[in-house]
Amino acid sequence: MPANVEVTTTIGFEDLDGRLRDAERAVLARFERKILRYVRGEWTGWTYKGRPKNAPRNVSYRAWKSTLQTTQAPYSLDVTNEARDYRAKQPYVAYVHRSGDPTPEFVKLSERIAADIVPEMAAAFAAEIRRTLEPRPRKKLRSRGTTPRVTRSLER
Amino acid sequence: MAGFDVPVRYRSVERHMEAVHGSVRDLTLDELDILDTYAARVLDDIESAWPVDTSTSRDSFFYTLLDYPEIGFVISNDADYAEWIHYAGDDTPLVESLVPEVVDRYSDALIAALTSAIDRTEERVRVSEESGGRGLLDIISRRVGPRAPEVARAG
Chain L
1 MPANVEVTTT IGFEDLDGRL RDAERAVLAR FERKILRYVR GEWTGWTYKG RPKNAPRNVS
61 YRAWKSTLQT TQAPYSLDVT NEARDYRAKQ PYVAYVHRSG DPTPEFVKLS ERIAADIVPE
121 MAAAFAAEIR RTLEPRPRKK LRSRGTTPRV TRSLER
Chain D
1 MAGFDVPVRY RSVERHMEAV HGSVRDLTLD ELDILDTYAA RVLDDIESAW PVDTSTSRDS
61 FFYTLLDYPE IGFVISNDAD YAEWIHYAGD DTPLVESLVP EVVDRYSDAL IAALTSAIDR
121 TEERVRVSEE SGGRGLLDII SRRVGPRAPE VARAG
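Going down the list, the sequences are from chains L and D.
In this text, residue positions in the first sequence follow my numbering: the first is 1, and each later residue adds one.
In this text, residue positions in the second sequence follow my numbering: the first is 1, and each later residue adds one.
FYI, nobody ran anything at the bench for these hints, they're computed from the structure.
Here are the simulated distance ranges between beta carbons:
1. D:D104 - L:R149: 19 to 29 Å
2. D:E70 - L:R33: 19 to 29 Å
3. D:S97 - L:P102: 42 to 52 Å
4. L:R98 - D:D119: 27 to 37 Å
5. D:V52 - L:E6: 22 to 32 Å
Just some of the chain D residues that point at chain L, by a computed CB distance under 7 Å:
6. A2
7. L29
8. D59
9. E83
10. S107
Computed far set for chain D versus chain L, every beta-carbon distance over 12 Å:
11. E18
12. A19
13. V20
14. A88
15. G89
16. S116
17. A117
18. D119
19. E123
20. R124
21. R126
22. V127
23. E130
24. G132
None of these values were measured; they are calculated from a predicted model.
Each residue gets a CB set at the ideal place from its N, CA and C atoms; glycine is no exception.
Working from the sequences, and respecting the hints, build out all of it.
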């Protein structure tokens, strides 16, 4: 089983295409933040049995991130975790589970998000779409090639 | 790979921690939550000010927290050309203008909130040690701060 975690929620509506309007995107962005804060809030209470005192903690907590794609349908929300074990530098989050429960924790979180948050998100998004419904022009993505990645470090 | 990363490291907070703790230690969950909250605000403001007619780049932002022993976060954008995007009439890439400006907008408040949280943690460590506890191990080995509220069921 891959050890990184990636949970993708796809949002598709028939006849809806092209870039979302700001108000529509804002609805999904609000739930993106809600889901990420929920995951981080639940990703606590781990016992670091046997871990040396000075070894890092909360490595996987820090590694939760989300991205939202609203440029073309189907729109998607990704929640990922690519944390690396502090010793072996290998991904491990997919294996993390609570004591006495073999189910990986990310599986349980995914199920709760799908049951408790995604329906609310879909309803809010649909309401915003209905509110501003009008014909949308189709959009195309054009590749403009690649350039070296830029890093700008700031210190405060 | 194209796009950009802007690591924002709060050395002032690291120095404060060294002064009160003796060395840089891992952040507690309360302290991480503060850092995370401000990183999210910085990202929200950057996204809000990013030009809307820029295809996928506005959708390609994300942030991650720096790893111990560094305190801070990284603002990233994976879009191919995001590092070149600028406002009309100004050739300065936004990664060099908007991003640092938004970081500066929140830095004073972040530094104040985080150093206060660190001071509170150190006080709890001191109290723990004085009452025979394990000090920092007692603070970081249990849930710190309020549990996330129960998610309400839709409908």
